[in-house]
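A.B. asks: Position chains B, C, D and E with the ligands relative to chain A; hints supplied.
Residues per chain are reported as follows:
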Amino acid sequence: MIIDIFLSSYPLFLKATWLTVQLTAVALMLGCVVGLVIAFFRISDSKVLNYIAHVYITVIRGTPLIVQICILYFGLANMVTLSQFWAGAIALAVHNGAYIAEIFRGAIQSIDRGQMEASRSLGMSYPLAMRRIILPQAFRRAIPSLGNQFIIGLKDSSLVAYVGMQDLWGTGLGEAASNYKQLETYMVVGLYYLVLIMIFSYFVNKLEARLAKGKAPTKPAKDNTSVAA
Amino acid sequence: MIIDIFLSSYPLFLKATWLTVQLTAVALMLGCVVGLVIAFFRISDSKVLNYIAHVYITVIRGTPLIVQICILYFGLANMVTLSQFWAGAIALAVHNGAYIAEIFRGAIQSIDRGQMEASRSLGMSYPLAMRRIILPQAFRRAIPSLGNQFIIGLKDSSLVAYVGMQDLWGTGLGEAASNYKQLETYMVVGLYYLVLIMIFSYFVNKLEARLAKGKAPTKPAKDNTSVAA
Amino acid sequence: GSQESAPAAGGQASGEGGKKDFTYAMSGVYKPFSFKENGQLTGFDVEIGQALAEKMGMNAVPITNPFETIIPGLDAKKYDAVIGSLTVTPERQKAVLFTNPYYRSGSQIFVQEGNTSIKSKEDLKGKKIGVVKASNYLDWAKKLTDEDKITQYDSDITALLDLPTGRLDAVITDQVVGLRFIKEGGGKVIDVGEPLSFDEQAIAVRLGDQEAVERINKALDEIVKDGTYEKISQKWFGRNILQKQ
Amino acid sequence: MIEVKQLVKSFGPLTVLKGVTLTVEEKEVVVLLGASGSGKSTLLRCLNFLEFYDSGEIRIGGQQIDPHKTNLNQFRAEVGMVFQHFNLFPHKTVLENVIEAPVHVKGTNAAEAKQLAYELLKKVNMQDKADVYPDMLSGGQKQRVAIARALAMKPKIMLFDEPTSALDPELVGEVLQVMKQLAKEGMTMIVVTHEMGFAREVADRAVFMHDGQILEQGPPREFFENPQHDRTKQFLGSIR
Amino acid sequence: MIEVKQLVKSFGPLTVLKGVTLTVEEKEVVVLLGASGSGKSTLLRCLNFLEFYDSGEIRIGGQQIDPHKTNLNQFRAEVGMVFQHFNLFPHKTVLENVIEAPVHVKGTNAAEAKQLAYELLKKVNMQDKADVYPDMLSGGQKQRVAIARALAMKPKIMLFDEPTSALDPELVGEVLQVMKQLAKEGMTMIVVTHEMGFAREVADRAVFMHDGQILEQGPPREFFENPQHDRTKQFLGSIR
Ligand SMILES: Nc1ncnc2c1ncn2[C@@H]1O[C@H](COP(=O)(O)OP(=O)(O)OP(=O)(O)O)[C@@H](O)[C@H]1O
Ligand SMILES: Nc1ncnc2c1ncn2[C@@H]1O[C@H](COP(=O)(O)OP(=O)(O)OP(=O)(O)O)[C@@H](O)[C@H]1O
Ligand SMILES: [Mg+2]
Ligand SMILES: [Mg+2]
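Protein chains in written order, with my numbering: chain A, 1 to 229; chain B, 1001 to 1229; chain C, 2001 to 2245; chain D, 3001 to 3240; chain E, 4001 to 4240.
Think about it this way: if two alpha-carbon atoms lie no more than 20 Å apart in a straight line, the pair counts; the simulated DMTMM-like pairs of lysine to aspartate or glutamate are:
no., chain 1, residue 1, chain 2, residue 2
1, D, 3154, B, 1117
2, B, 1181, C, 2075
3, C, 2020, C, 2209
4, A, 181, C, 2113
5, B, 1181, C, 2139
6, C, 2094, B, 1004
7, B, 1015, C, 2148
8, D, 3092, B, 1208
9, D, 3092, B, 1117
10, D, 3114, D, 3128
Keep in mind the hints are simulated off the structure, nothing from the lab.
In isolation and in its complexed conformation, chain A is listed as follows (with noise of 0.2 Å):
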C-alpha cells in the first residue's frame, strides 16, 4: 500500500527531499550567474562573445539533459576534483544557464531603449547604468519566466540520481529496488516533487503579486470630458 510504503520511508525521503532542495537552489543560483554572463554575451557588441553565447545556448538546447548531466560528469572530473553534490549542481546550472540566459536577454531587451539613454545622459557609464536603472527592470520583469525555470530545474534535479546521487528520485530508485514496489515507491516519489513544486509556485505567485500591486494602476486617473462629435 502507498500508505504504509509513505510512512515508513518518509524520514528517509524528507532527508532526500532536503537534499532535492539544495541541489535545485545551488544549481540555480548558479545558473542565474551563468545565465546573466551569456545574456550579456548575447547583447554585447563583440562578434565574438555573441558566438560563444550562441553555441552554447544551441548546444544546451540541443541536447537532452541527461546526456548533459553524464559528460559533465565525467567529464569535468578529468579537470578537477569534486564531489558528486558539486558534479551533479554545475552540471545542472551549465544547463539551465542557458534556458535563464535566454529569459534574461528578453527580459532585457524588453526594457524600453529611453532607460538607457536617460541614463547615460546623466552621465551614467554603461555597467552603471546597467546594474542600477536597466538590470533591477529587467529581473522584475523576469520573474514568471523564472519561476517557471525553476520548477522545470527542481524537476529536471532528478536525472542526478543516474550519477548516483541520493536526491528524491535516486533515494526512491533505491528504495524500490529493496522493498521491490516499484510502483507504489515512485508514486510516494512523485507526491512529494508535487508538494515542492505546489509550494514553490504559491511563493512565486505571491511574489507575482506583490510586485504587480507595488506597481501604480497602469494609468493615472484622468478628467475625460467627454467629446460629442
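C.D. replies: What follows is chains B, C, D and E with the ligands alone, placed relative to chain A:
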C-alpha cells in the same frame, strides 16, 4: 578518440536514432491527441471535465518526467500488456499531452470570439465551427510553440533508456559501459541529438516562414491623404 | 564521511579519528549485496568493505553509483574501489585491477511462474531477456538470444519486476539475488535450469594501483582467517559463499 | 415575421433587456437606435440565439422558438447576421467564406454553392476578389463580403449590428449602398446604426432603446423630427 | 558656450546630418524647428554623445570634445537632456529618480542630494509627489520630474527633444511654464518643439533644419513673420 568511437559505432547509433525518431513521432502524435482532448476539457463548460483537466495538468507539470515514465511503465503493466516501445511511447505521450494541451488551449482561446459567433450565426454547430473555423486557425497559431515542444519531446525521449529501451541514449549507455569511454561515447550521442534537433528546427522554421508568407501583409494598401492639422 | 554524499574521493580525505577514508562503490540496487534499508546502505558488499577497512586501519565509506558507470566512476577517481559484486571477466581485466575473489556465485535464469516453455538455456533462443547494463549477464544474453530481444536495465530488481508484465520471457542475474527476490515475495518468479556458470566476484581498483590490490588482498586474507568473513556470509546467506558450491 | 414579447435577459446581476416587445413585419426595415449599453446588440444576439434570453418569447413566422427544443442551428441559418468587425474567416478565401455555410451546414453541393456565391459577390460588387484572402481587403470590402456570406444561407431576415462603425469614413458609403439595395429588394432587416442618412432614407421604422427597453418608435421622418421623450431628444442631439 | 562645426552623421547609407554649424551663447534659448526626419533629434543626441558623429567638431565652453579621449560620462552629466517620452526610472520614486545621478555619478552624499532634489521638485511644483512612483503620475507631471532630474546634475546647458509632444493638450501648459521659468533664470537651452507660442515668447533664436542642414535662423519674431525660404514658409504653414 571521439572520431574513432563515432566511426566504429555509427551502424548501431543510426539504428538507435531511428528508434528514437519513431518513438518520438508516435509519442508526439499521441500527445497531440491527448493534448487536444484535455484542451477541450479545459475550455468546456463542464466543471467535472475542467477539474479533470486541471488535475491532470497540475500533476504532470508538477512531477519529473522520469518519475512519470517509471510509474507508467510499471503502472500500465497492471492494466494491459504493452511492449516496451508502446509503454515508453504512451508514457511520453501522457507527459507531452499536458504541455500540448496548454499550447492548444492558449491558441484556441487566442482566436477572436467573433469567429465562433459568426460561425454559429451561419447555422454551424459548435463541433462543426470548432473543426472548420476555430481549430485550423488555432493550429496555425500554435505551430511555433508546438515546434518548440516537439524539440523538448525529442530530447526527453532519452529518458526511456532507464526503462530498458535501446533508443539513442540507451544504446549510448550500453556502449559506454562496454568500451569504458564514457565521455567520448556520450558526446557522440549528444551529437546525434543535436543534429536531429537542428534538422527538425530547420523544417519548423521553414514551415513557419511559409505560413507567414501565405498570409497577406498585415494591412491592405490604403490611400492615406495626409491631413494638415 | 557519511555514506550519503560521496566525498572528493581518492582516500586522501581524512575521516573520523584522523583515519583515511576507504571509499568504495556499489550499485545500491542489488539486494541483498547492496541495498537501502531505512536509508542506510547495507548488504553483504557493504559489510565486507567495512571489515576490510577496519583491517586496513581506514574509515569505511560505501557509496552508490549506477552499475553501468561503476568502472568509469572508478577511473574518474570518484572512489577508491568497487566492492559491487563485479564478476571477473577478461574484458574487465583490461579496465581495472581485480583483487582475489571475495565470493563465488552463479549466473541463473529466472522466468515467470507458470512459464513452461523455458526449461534450460537452450530454450532461450529468440526469447526476450532482461539483464543489467554492462553486466556479464548481458554477455550471456547475447550468446543465448538475438541482440534485439535483449532489454538492459539499471537494476536487476527492475528486470525481475518486469517479468510478470510479460515484457520479458526471462531474466539472467545472480543466483542469490534472484532467490532473495523470490523469497521476499517480489513477484511470481522461479529459477530454471542449472546455473549458467560459476563466477568469481572480486574487488576492483584502478589500473596501476598494485599497492591497493596487495593491501586489500592482505586484509581479505585476514578477515577470512579470523572468521569475520564467515560471520558476514552466514548472516546474509546462511553459508560461506567464498567456497565453491 | 418576427414577434418579440417581454424579452428579459440578464448577465449575472446586470439586467440588460428589461421586457422588450417588438414586432417586425415581412419586408420591413427597422433601424434600432440607442446609447451605448442600452442593449441593442444584446437584443440582436437574442434574436438569433447567440445569447439565450431568460424569459419572454420569440416567434418567427408565427412559430414560437423554444431554444431548448427547436434546432437552433437550422434556425440561426435562417437569420443572417452582420457584425461590426466583419468576422470573416481569415484562413479562407472570399469565395470559401461565402460557400462555407451552404456546403457544410445545408449540404448544398459545391458547384451550386459556388454559383450562388459568385452571384452574391457580384451583387456586393466583390466578384473580382473571390480568390483573395480577407487580410488583403479593406474594411468596406470585408463588410461587403460578410453580407454576401450571410446572404448565401438565404436568410429570411438580416440583422446588422453597427455594420459601418468600424470603417474609415470614406468606406462607409459602399457598404450602405449594398444595404440599401438589399432593402429595395424586399429583405426584412433590423439594423443597429448611427447612420442617420441611412435611417431616414431606407428605414420603415426607427426604434429607440433606452436602458433595456424600447422607449419610443415610429416612422423615421416623424421620429427624427418630433421625438417624444427627452431621452430621445438628448440622444438625437448627441449623435447629430 | 556651444560651438558645432560642420557636423556630419550617417546611419549606414543614410546621411542624417549634412554639415551642421551652430553656435549657442551662454544663457541663450534656441528653438530648433524642422519637419519630421530633418535631423533635429539626431543633432541633440550628438550634442551629448548619445550618438557619435562622423566628422566635424563640437566645442563646449571653448574646449573641444574628442569623443574618444574626453571622459564622456562626465561631459554628458553637464548637458541635461529631456526626452519626449520622459524616460523616468519606473522602479524608483520621484525623489529617487532625482537623486540617482548626483549620488551615483557625482558621489554627492545622500542628504545633500536629497535637499537639492526637494528644492528642484519644488521648482517644478512636484514637491508633493516625492515619494510616489512615476506610474502614478500624469504625463505632464512626469515631464516636470524629468526636468528636475536633469537639473539635479547642475548642467551647463539643457537639451529638450519635443518635451510636450507626448502630452495631452491640457497638460502641455504646466511643462512649458517650467521651461519658461528656467529660461528666465538664465539657463542655456536648445529646445526642439512645435509649440509656436513658446518659441515666440521665450526663444532668443529660432533655427530651422531641413534635410540635415540648417536652412535658416533668426530672432523668432523675424523668423516667423518673414521666413526667407519656401521650405520654411511651407513648414510654418503646415504646423500653424
Ligand atoms: N457577455 C456579456 N457579459 C456581461 N455583460 C454583458 C455581456 N454582453 C453585454 N453586456 C453588458 O450588457 C449591456 C448592454 O450591452 P449591449 O452590447 O447590448 O449594448 P449596446 O446597446 O449594443 O451598446 P453599444 O452601442 O456600445 O454596442 C452593457 O452594459 C454590457 O456591458
Ligand atoms: N538609430 C538610427 N538608425 C537609423 N536611422 C536613424 C536612427 N535614428 C534616426 N534615424 C533616421 O535619421 C533621420 C533623422 O531622424 P531624427 O530623429 O533626427 O529626425 P527628427 O528631425 O528628430 O524627426 P522627428 O520630428 O520625427 O523626431 C530619420 O530618417 C530617421 O529615420
Ligand atoms: Mg452593440
Ligand atoms: Mg525627433
